[in-house]
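**Student:** Full structure from sequences and hints, please.
Next come the chains, spelled out residue by residue.
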Amino acid sequence: MFCRDAVKLVAELNQTEDIKPFNEAVFRQVLEEVQSLFEENSKDVNTITEDNTAPKNTLLVRHYAMNRNKRCLLTYLFHRMRRLRQARWELGSIIPPEISKNLIKPEAQWFHNYNKSLATYMRTIGEDGLNILNDIQPPKSLYIEVRCIQDYGRLEFDGQSVMLKKNTYHLLPRSECESLIRQGYLEHVSS
Amino acid sequence: MFVKDLTKDFYQVVAGKQCLILVNFDVDGICASKILQSLFKNDNVVYTLVPVQGVKDMKSAYDDNAEDIEYVVLVNCGGNVDLIEILQPEETVTFFILDSHRPYDLKNVYNEKQIKLLGDPTLEEAIPEYDVVFNDDSSDEEDEEEFSDNEEESAQNRRLRQHEARINKKIKRREWEEKREEALFHYEQLSYYAKSSAVIAYEMSWQMSRDNLDMVWWAIIGSTEQAILNKVESSTSVLESGNLQSHVSRLTHARGGNIDKQQLSAIKVTYDKDLRLALYRHWTVEDSLKHSLPTAVALRLWSIKGEHRMRELLAEMGLPLCQSKQKFTSMDLTLRNEFKDMIEKLSDKYKIRSIVSGDFTMQYGYRFKYCATDIVYAMLAILESTGRDRPPQLCFLEASDCLSRMKKEILEKGIEKAKIMLGYVFKAAQSLLELKQVTNAGNFLYVVISEGMLHHHLFAHPHMLLMLAQFILRAYAESTRSRKTATLPLVASATFSEEEGTCLIVGVPPVLEEQPRSFFGKAFSQAAENTNSFIDQDYFDVTMARLKSEDRPKFFDALSALLQ
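Protein sequence lines correspond, in order, to chains C and P.
Going by the UniProt record's numbering, the first residue of the first sequence is number 1, and it counts up by one from there.
Going by the UniProt record's numbering, the first residue of the second sequence is number 1, and it counts up by one from there.
Careful, some of the hints might be misleading.
Claimed, not checked - Not everything, but these chain C residues come out facing chain P in the computed CB check (under 10 Å):
no.: 1; residue: Leu73
no.: 2; residue: Arg154
no.: 3; residue: Gln160
no.: 4; residue: Ser161
no.: 5; residue: Val162
Since the hints were made in silico from the structure, they are not lab data.
Note that beta-carbon positions come from the ideal geometry of N, C-alpha and C, so glycine has one too.
**Tutor:** The structure is reproduced here in structure tokens:
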């Protein structure tokens with residue numbers, strides 16, 4: 001049956017939201033299928049004469065199968081790329097090894113280029129660039145409650161300053177403490 | 001200086017600035033700070049909050065965080081000590097004190113610039129007048145000299161007059177000093193608790209029309225703690241709960257519609273008559289009867305006879321023993337529904353006094369249903385659960401998480417801890433009473449929790465010791481039957497730190513005393529002074545102190561002499 005493998009690829013996408021290892025074997029099979037369909041078509045196209053129009057229908061069926069295969073392959077590639085892009089926005093410019101080992105070379109290359117374009121774009125916004133990856137969703141408040149879990153020292157912001165000592169609680173501007181939370185000095189206290 | 005209009009003179013001053021909040025380790029303080037925190041959060045007031053356990057803690061927390069800070073809010077701490085003396089602050093710093101410990105230090109009361117006491121001065125009791133306590137006129141001696149120079153008199157006459165004036169002055173001064181001593185003694189003699197800080201903070205938010213059900217719930221918990229730990233008279237706490245109830249119904253009403261018709265998933269706070277049995281909704285009936293003060297004391301449950309008496313009570317109630325050992329929620333529905341009435345009916349016969357009292361219940365969704373007392377016990381248990389891997393600050397955070405509706409697991413854990421805590425208190429009281437460890441020193445009772453006792457280290461926590469002391473005093477007064485014991489106060493002591501050789505002492509006022517006021521704060525320091533023993537009155541509640549263990553016997557002797 002035509003296109004069975006191609007549908008397998010699409011079904012694989014549906015199974016999970018993660019980026020799975022690139023299914024090269026099936027991908028190649030589909031390509032081969034396309035190739036053989038094309039060859040058979042080009043052979044049969046010469047046999048069509050005025051009175052023998054029978055192969056015409058066969059040609060059409062093969063042609064549609066080819067197109068369908070192509071669409072499925074493109075879908076597969078496109079969705080992987082979309083997931084990769086999402087990973088870039090969620091996880092940052094360095095993708096974790098469990099994703100990167102599942103990529104094929106052109107994908108890695110694409111990711112690299114995407115990173116580059118994104119960085120270039122971000123540099124053009126405002127005077128000294130803007131990290132548009134922060135606050136993808138509008139924050140509920142500009143200030144958050146945090147607990148200090150390691151001595152940090154003095155934190156200065158907007159003309160104010162706060163001493164961050166272990167086991168004290170603070171209400172601080174979100175923008176100031178985001179990096180400190182990532183570094184493990186502060187902990188967000190959700191209420 | 002008192003600040004009466006909290007909105008104008010406190011909140012609007014602090015709003016928009018950076019401030020430091022120091023909170024004492026108690027439930028009321030946590031509730032009050034929680035209300036302040038949520039107000040500050042909405043107004044984007046940058047704050048730093050540091051929990052403090054005692055005067056020394058407060059000093060170091062202030063020193064660490066005070067840089068660049070203009071406003072310091074002290075919650076349940078600092079009112080009864082001379083702040084300026086202890087903290088040595090810069091002149092630009094303003095302190096706002098929200099403290100339920102009384103009496104206020106007079107230097108705080110009369111400091112016009114830097115110290116603002118949040119509260120209504122008319123509600124305060126008999127604060128001595130400024131002139132009685134402080135003497136401003138130290139310069140008048142010279143004035144008089146000048147004045148007499150101008151007169152033309154014979155030298156002898158003048159000398160005589162000056163001499164007379166000086167003597168008069170001395171007499172006056174001595175009189176003033178005597179009067180001052182007397183006034184100070186009257187003022188400082190008794191320590192007690194005033195209105196809960198959480199309620200004051202809540203009322204401030206109400207005046208700003210920014211109150212909500214959560215806040216009133218926190219205020220309820222703050223004032224419930226005062227009632228549970230006998231910090232205020234029962235009549236006061238009843239009045240307070242009436243006041244809070246009106247706030248609750250106003251807020252519930254404001255959200256519209258009939259309470260019964262509102263969705264079950266909404267927050268609902270209700271006020272109802274309830275049994276004063278600790279945690280009984282989350283425990284078994286038997287355990288709860290055993291570990292609650294009113295029943296345990298009335299039935300004398302620490303003895304074997306008491307155990308029989310409890311069985312009898314259960315039998316008379318018609319509650320099968322196997323049901324009473326069952327979790328309350330798993331008991332038969334009919335028994336569960338009748339439980340309250342059954343106990344109430346039999347309370348007279350068994351002389352269980354004041355078993356029924358009003359209590360607030362908070363319901364949120366289907367499974368979140370707790371009464372205020374449950375939460376107070378859970379918070380106390382968490383606060384006191386410090387250990388090697390649990391620094392006090394972590395306990396503070398967890399205790400304040402109990403107030404959040406979203407963190408049910410922590411609250412559940414706290415309730416489990418509270419059960420264990422109450423169990424330990426009961427067991428300790430039982431063994432102390434059975435071994436007759438309560439000593440009558442003539443005009444007070446004392447009990448020493450020895451190091452040989454099981455879990456003695458738990459009683460190094462002030463609240464645990466306080467609960468134990470109150471339990472023992474009630475139980476002792478009940479069991480001796482002599483009228484006199486009911487008029488005696490009790491001092492309990494437990495090892496605080498073995499390495500340093502210090503012990504914790506806590507004084508509890510007598511059972512018969514209507515007002516839970518205690519003269520122990522003053523008496524402790526006086527006794528320590530008389531015996532030259534080292535006493536560390538670091539706690540903000542002055543009825544608790546730390547003492548060198550070796551000084552303890554002579555300290556008790558001095559205390560007994562002093563109380564004569």
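**Student:** Classify the hint on Ser161/C as holds or violated, based on whether any CB of chain P lies nearer than 10 Å to its CB.
**Tutor:** Given a least distance of 5 Å, the restraint on Ser161/C holds.
**Student:** Using the nearest Cβ pair, does Arg154/C come within less than 10 Å of chain P?
**Tutor:** holds (8 Å)
**Student:** Is the interface hint for Leu73/C satisfied, with its Cβ closer than 10 Å to some Cβ of chain P?
**Tutor:** With a closest approach of 47 Å, the Leu73/C hint is violated.
**Student:** Just to be careful: measuring from the Cβ of Val162/C to every Cβ in chain P, is the smallest value less than 10 Å?
**Tutor:** At 6 Å from the nearest chain P Cβ, Val162/C passes the 10 Å test, so the hint holds.
**Student:** A closest beta-carbon separation below 10 Å is what the hint needs, so does Gln160/C meet it against chain P?
**Tutor:** Result: holds, 5 Å to nearest chain P Cβ.
When the structure is compared with the earlier hints, a violation turns up for hint 1 alone.
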